[in-house]
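J.: With chain E fixed as given, assemble chain X onto it according to the hints.
Protein chains: 2
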Amino acid sequence: MSSAYTRLTERFQRLSRFSHLSAIAGWDMMTMMSPAGSRARGEALAELGVLQHQILTSRETGEDLARAKQASLSSDELANLAEMERAWQQAVVLPSELVEAKSVAGSRCEHAWRSQRPANDWQGFAENLKEVVSLSRQEAEIRAQNSGVSRYDALLDMYTCNQLDSIFADIKAWLPDLLQRVIARQDQQPIQRPQGPFATESQRQLGLSAMAMLGFDFNAGRLDVSAHPFCGGVPQDVRITTRYDGQNFLSALMGVIHETGHARYEQNLPSQWLGQPIAHARSTAIHESQSLFFEMQLGRSPAFLARILPEVINHFGGQDALNQQNFIRLAQRVQPGLIRVDADEVSYPAHIILRYEIERALIEAEIEVEDIPALWQEKMQQLLGIDTTGNYRNGCMQDIHWTDGAFGYFPTYTLGAMYAAQLFQALSRALPDVQQRIASGDLQPVFSWLQQNIWQHGSRFSTRELITRATGEDLNPRWFRQHLESRYLTDEFTTGRTTV
Amino acid sequence: MSSAYTRLTERFQRLSRFSHLSAIAGWDMMTMMSPAGSRARGEALAELGVLQHQILTSRETGEDLARAKQASLSSDELANLAEMERAWQQAVVLPSELVEAKSVAGSRCEHAWRSQRPANDWQGFAENLKEVVSLSRQEAEIRAQNSGVSRYDALLDMYTCNQLDSIFADIKAWLPDLLQRVIARQDQQPIQRPQGPFATESQRQLGLSAMAMLGFDFNAGRLDVSAHPFCGGVPQDVRITTRYDGQNFLSALMGVIHETGHARYEQNLPSQWLGQPIAHARSTAIHESQSLFFEMQLGRSPAFLARILPEVINHFGGQDALNQQNFIRLAQRVQPGLIRVDADEVSYPAHIILRYEIERALIEAEIEVEDIPALWQEKMQQLLGIDTTGNYRNGCMQDIHWTDGAFGYFPTYTLGAMYAAQLFQALSRALPDVQQRIASGDLQPVFSWLQQNIWQHGSRFSTRELITRATGEDLNPRWFRQHLESRYLTDEFTTGRTTV
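Protein sequence lines, in the order shown, are assigned to chains E and X.
Residue numbering for the first sequence follows the numbering used here, starting at 1 and increasing by one per position.
Residue numbering for the second sequence follows the numbering used here, starting at 1 and increasing by one per position.
Derived by calculation from the structure, the hints in this document are not laboratory data.
You may find that some hints are simply not true.
A few chain X residues that face chain E, going by a derived Cβ cut-off under 7 Å, partial list only [what the hints assert, rightly or not]:
1. 28
2. 35
3. 40
4. 165
5. 219
6. 220
Given the structure is predicted, the values throughout are model-derived calculations rather than measurements.
Backbone N, C-alpha and C define an ideal beta-carbon position, used for all residues, glycine too.
One chain only, chain E, in its complex shape (with noise of 0.2 Å):
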């Protein structure tokens, strides 16, 4: 007879082997099904959802995680043994007629979302968001009761809406006016557009090269296309993906950069562990918090720009613009839009404390699905200066989020940002000479670095204390705004902080 624990990690590894499967059929849904391929691909997802549903909500699970808990286990078994209760927790709250009427009201609003979207169709759109928030309010009032906390707290990670009010607050006090001096500057600086078409054969090489300066295991893992970037698959093989402008191949190198620093994160999990709960990354906050870290930390200084720039007119030719300098100020360019995805890291947190202080109240029932325009453009022009009167398309239905009732998701793209900072701020701190390095190609110590204090541990520690493990503080947003205005209202290139 084995023991509840023993049963329960061949349950989950038995679930991982069938999320390995539909991780798999995931990626190729977005790289490589036919569209006459759609509906049973879907079909065959969900088939397989309910049955992992199943198992995990089975009553068998639930006695065997309340006989686990007396039994006794090593710290990382009591760890992993948390994972899955975590996971059992989350599923078994809701009853199963409101995952099932989510997923359904999710996937007709997202279909005809990506019709409406370009149609600039709000009317239709928001027909369907109100059910998708109806299901989404009912699903946060279950979990907040749960756990005695708000409906929007219910839906978040780790941080509670008070918490992230003022993590924001201390934001929205500083990034209006930087924002407005980086502009003045940037003003001052002439640059200069490189001179296209990039051929996409040619930029595909250039990000298998960035790909290899940052250490991607080529052996577990590999590149495609797809039509919005992603990081998918399995640690064992991790699918990552770009897709190609012809006028514009930064856009692509540094998509790439930012999708190899998920692609490390997840090749480097801790491998004795997988299949189990505790060898998930931790949190999507850490997920982008190593993304970020890859693009922003480290693709986008002056150091890795200089080190990368060979390579890049070794695969297009060299011209003018892509002399040292203005090669930084590219990739440096701060430029308010209207388009998240889009967005420099400068006005991206903008674009975040946006949708969160929207979706709070949509989910706290303080407003309605009809309100949401006019809030968009009060809040465009308030934090970026920008009108969106009337533009839906690039206004409140840029985003797939909403559409399948991902609420609670937004906040971690500025948190992931925080951390990449202060995990850098760590970084600098243990190893002083980091921009030489990086300047030199000498990686190696920062991926060191990285599996040591957050990659090796997967979800061992709470998001909190793997961070305060690693940098000696829980989240302390000094770091992303002395980070910000070192890197664009100082000279960064000409600096101290870099040699190049």
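T.: Only chain X this time, still in chain E's reference frame:
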């Protein structure tokens, strides 16, 4: 309370969704997967396989099958029910320990074979193969007891050994002589090899052109690369593969045409039944008849070759060897060789008969694994006049089938070739100007005939009933012989059989 039959359709629908995921993950394994993902993928697919086996062989399935037989069902439903029962019967007779043991032994044997084959290590390979043969004999024994036929018969899909003996005896009676006459004849015909290299991308574009000419639905499928060409995926999204030889573009071109035959069958299975067993392709022999119809009856016909030659020149540029007569000779060259998968259609049956005779004796325990090399040597000498002494690598170790314990599969290749010839003969009666149609690129009547007679029926009829309905008679090897004699011993190019 739903009826037993309805419950069965739901259960098989569910199984079909799981098969969808394993088909896509299986395709991915052969085309996209990173090496490090191999073990996790194998485990994930095995886990799903175990689940499917459990669902199929569950007590409920057995009970519902018994109940549904009492119900009043339409003829299509009865055919569907019969296919359900066949699948259940196939699965339920074997003890799960045997299924498991065979799967493990097969994986071990195949895995080792991948390095033993290049090393020509027969001794090492034989050790693993013995285990596979022993378990396959056990399987055959159980199936034989269940169905009251001989052990090897029990592994065959539709024909008995006696029937195959008589069919193959017929072929053996005329094939060696035919082969000698064809070779003597072709020795008199000068042939010129086209000068490579032929760029992979150009070869791929040519393959896509051929697929388009042959009606492949690109909205429901794609072409990729793998070490061993195959047709996989699902009917809504068929995945065919090829491999490119820089010096010989005909190899990939004919391979693509072959797989397109498989693909069109899959793409045109009865859509109203997809997800149910009745919608499956009828059998491996019928599947192979479609690929060989496309490759041998259409693809290597002078009419089609003349039609596609301008495309070839369009992709590679012109050269002396790419004149019409020489191009046809290249595509119809007969040259006995060591390797089955590279064989021309005249020597191919010899490779099959040899394997049939050996595997039959092996399963019937008339010979042992140690006897294989000597028999191989003897039969290759007899049938093709080729000496294989000591060349295990390109002799009895060349195929993957036996490593997995897939005994009883080889005969379907030659049955497929004979069906293809017989179907083409019937088509020619219905469409007397078929060669003119092919020559002018008007292939729609050909596809309509196949759709009408084969594709749309899925598994509604047995293989033999399907063939009899389509051609007016049961398998008749005469048409295959007539096809070979007409193509290889008369001047098909200038006779009345084609207008080219």
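J.: If you test the structure against every hint from before, which numbers come out violated?
T.: Hint 4 is the one this structure does not satisfy, whereas the remaining hints hold.
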